[in-house]
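Peer 1: Please build the complex by placing chain P on the supplied structure of chain L, with the hints as guidance.
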Amino acid sequence: MFLVVALLLLAAPALLPAFRLELLAKWLCYAIVAVGIHLAWGRGGMLTLGQGVFFGLGGYAMGMHLKLADAGPGALPDFMVWSGVETLPALWAPFRDPVFALAMVVVLPTVTALLLGTLVFRQRVRGAYFAVLSQALAAAFVILLVGQQGLTGGTNGLTNVRYFFGLDLYDPAGKRIVYYLVLGALLAVFLAAWQLSRSRLGRLLVAVRDGEDRVRFLGYDPAVVKTLVYAVSAAMAGIAGALFVPVVGILGPADLGVVPSLEMLVAVAIGGRFSLGGAIGGAVLYHYASTGLSETFPSAWTYLQGALFIAVMLWAPRGLAGLLASGLSLLRRRRASPPAAPAPEEVPA
Amino acid sequence: MAILNQLFIGASMGAVLLLIALGLTFTFGQMGVINMAHGEFIMIGAYTAYVLQGVGLLVALPVAFLIAGALGVVLERLLIRRFYGRALDTLLLTFGVSLILQQLARDIFGAPNVGVTAPAWLTGGVGPLPYSRIFILVLALACVAAIAVYLTRMRQGRRMRAVMQNRQLAAVSGVATERVDQLTFLLGSGLAGVAGVALTLIGPVGPSLGTYYIVDAFLIVVAGGLGRLGGAVIAAFALGVLNSFVEFWTDASLAKVVVFAVIVAFLQIRPQGLFVLRTRALT
Numbered sequence: 028m029f030l031v032v033a034l035l036l037l038a039a040p041a042l043l044p045a046f047r048l049e050l051l052a053k054w055l056c057y058a059i060v061a062v063g064i065h066l067a068w069g070r071g072g073m074l075t076l077g078q079g080v081f082f083g084l085g086g087y088a089m090g091m092h093l094k095l096a097d098a099g100p101g102a103l104p105d106f107m108v109w110s111g112v113e114t115l116p117a118l119w120a121p122f123r124d125p126v127f128a129l130a131m132v133v134v135l136p137t138v139t140a141l142l143l144g145t146l147v148f149r150q151r152v153r154g155a156y157f158a159v160l161s162q163a164l165a166a167a168f169v170i171l172l173v174g175q176q177g178l179t180g181g182t183n184g185l186t187n188v189r190y191f192f193g194l195d196l197y198d199p200a201g202k203r204i205v206y207y208l209v210l211g212a213l214l215a216v217f218l219a220a221w222q223l224s225r226s227r228l229g230r231l232l233v234a235v236r237d238g239e240d241r242v243r244f245l246g247y248d249p250a251v252v253k254t255l256v257y258a259v260s261a262a263m264a265g266i267a268g269a270l271f272v273p274v275v276g277i278l279g280p281a282d283l284g285v286v287p288s289l290e291m292l293v294a295v296a297i298g299g300r301f302s303l304g305g306a307i308g309g310a311v312l313y314h315y316a317s318t319g320l321s322e323t324f325p326s327a328w329t330y331l332q333g334a335l336f337i338a339v340m341l342w343a344p345r346g347l348a349g350l351l352a353s354g355l356s357l358l359r360r361r362r363a364s365p366p367a368a369p370a371p372e373e374v375p376a
Numbered sequence: 007m008a009i010l011n012q013l014f015i016g017a018s019m020g021a022v023l024l025l026i027a028l029g030l031t032f033t034f035g036q037m038g039v040i041n042m043a044h045g046e047f048i049m050i051g052a053y054t055a056y057v058l059q060g061v062g063l064l065v066a067l068p069v070a071f072l073i074a075g076a077l078g079v080v081l082e083r084l085l086i087r088r089f090y091g092r093a094l095d096t097l098l099l100t101f102g103v104s105l106i107l108q109q110l111a112r113d114i115f116g117a118p119n120v121g122v123t124a125p126a127w128l129t130g131g132v133g134p135l136p137y138s139r140i141f142i143l144v145l146a147l148a149c150v151a152a153i154a155v156y157l158t159r160m161r162q163g164r165r166m167r168a169v170m171q172n173r174q175l176a177a178v179s180g181v182a183t184e185r186v187d188q189l190t191f192l193l194g195s196g197l198a199g200v201a202g203v204a205l206t207l208i209g210p211v212g213p214s215l216g217t218y219y220i221v222d223a224f225l226i227v228v229a230g231g232l233g234r235l236g237g238a239v240i241a242a243f244a245l246g247v248l249n250s251f252v253e254f255w256t257d258a259s260l261a262k263v264v265v266f267a268v269i270v271a272f273l274q275i276r277p278q279g280l281f282v283l284r285t286r287a288l289t
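For the record, the sequence lines run as chains L and P.
Sequential numbering of the first sequence, starting at 28, is according to our numbering.
Sequential numbering of the second sequence, starting at 7, is according to our numbering.
Isolated chain L (complex conformation) (with noise of 0.2 Å):
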């Protein structure tokens, strides 16, 4: 299973058109999100609403180098010579150093979940007061980015981004080797999500999710483990939100609110969230059915969305995944016995 999606993948570039091929690598980048929200709700069940603000973090380091980079040297991106704005903002300047813009793609997001997570986790303030939480620094997030219009580039964000380190982002060569920049690092982050969860962190993680005082009665700090895997996740969300940038060219608040980022979790959702392939197909799906049907059936597809939901929620709160492994043995039992009677339950004396 796991080998012919693998394939499939490696082969995607020969068999679709550039423009195909695009999509899917928004799709894969959007997987890369679903994997860290794999990790911190299906694994640690922290309900994180607030991915958006990592990928956005992620995004806007990586789109603030290019941008530079296009410009060259000494000039300024083309929308602040728009909004007026006459000399490069302080904020900025650093970024022109590819290496200090590719360590912010992670360290950014990084610590702001450690430190949203230290803060909040260490209170004890957990379920829904976190999720809550992460929603509300989702939305002072776009509001802070759409208000700083000649720093941020307001509603529209960084557009035009053309140049990736030297690659003609417009040339189907330059997509080619973007789409597989983003596979090789949804590869990545793959193993190293199902590394963490075989690790001994990530079975303590099952575990603060399961019965968090009892991980604390065992002499283990809930708040430490927690923060850390939190930390990885927004890790990952920026990763995905720089390689977003080259793939579409575009980023902006209308990619990283509420919505959006309630957008991703329900991905993740639909697919499975307690399962690492369920989240990443479930993020490639849903994201696929979100661009073929919302173009051509903007209201239909709406109703449509609110009903998969539901339906989610109430009939397969496993998703797809828990769907498919559920009928896989049922199958299995069926062959295995055919004739026989449900085992007695054993009864606790």
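Quick caveat, the hints were computed from the structure, so don't treat them as lab data.
From the three backbone atoms N, C-alpha and C, an ideal C-beta is built for every residue, glycine too.
Treat the hints with caution; some may be incorrect.
[Said to hold, decoys possible] Rough simulated footprint, nothing fancy, chain L against chain P, three-plus residues with beta-carbon under 8 Å:
id : stretch
1  : 30-41
2  : 217-228
3  : 256-264
Peer 2: Chain P in isolation, oriented as in the chain L frame:
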């Protein structure tokens, strides 16, 4: 004078947020339901005022309460009641409901914002203070007073508090918790409808009106303490006033960030919010 004016704008914004947060704090506190569709009840209230603007604001208020409240009960009966004990799942469920309701509004009334003309008796004001904002303030305080009386003096309200403090214990003491849940949803959603009517006095009405306020309202619930009337009142006015002053001194886009930072800092001192329901439960 500017400071007084800013204080007043903040207070009236706080009053609207309070009306919204009142409903949330009870549904969240009593049932652990994170109702994202609450914002759409505001929107429904606002459109009720838009449809009824020929008839009058004072008619729109009770009608909006009933429509939004009835929809809240329908939502509770049809969907939310299957989700007790799965608080985080209700968030996604109700987000789906909220998407559908927003799209319905878009299909019925069109995507652009519509305006509601304030009735003649609310135009003008005392010095710099417009009557419309004074009206909102009075309306919010009246609603708080009514809720306070309901919670402390009336049998149904006392049952509601009992369920909020301990659902199982209330159930074994003979409280019909399901009925109480329905009533809570009726009240909470109805108040959101009233808030929607009040909002038409401040700005235009659009399908995504509710999403602007829902996040702030949740923050108030968190800062005030779950299901605490006093906490919600203080937190709502504090947030409204803080927001308006930071906007005045810096700019609107920074205000939200400052408010968020203040709330996170506040949770360092009181992680459970302003007023805590003291129990011996571990979590």
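Peer 1: Three residues or more, CB to CB closer than 8 Å: is that satisfied between the stretch 217-228 of chain P and chain L?
Peer 2: Holds: 7 residues of the stretch 217-228 of chain P have a Cβ under 8 Å from chain L.
Peer 1: Three residues minimum, CB to CB under 8 Å: does the stretch 30-41 of chain P make the cut for coverage by chain L? Let me know.
Peer 2: holds (count 3)
Peer 1: Residue count check for the stretch 256-264 of chain P against chain L: does it reach three with CB-CB under 8 Å?
Peer 2: With 6 residues closer than 8 Å to chain L, the stretch 256-264 of chain P meets the three-residue bar; holds.
Checked against the numbered hints above, the structure breaks none of them.
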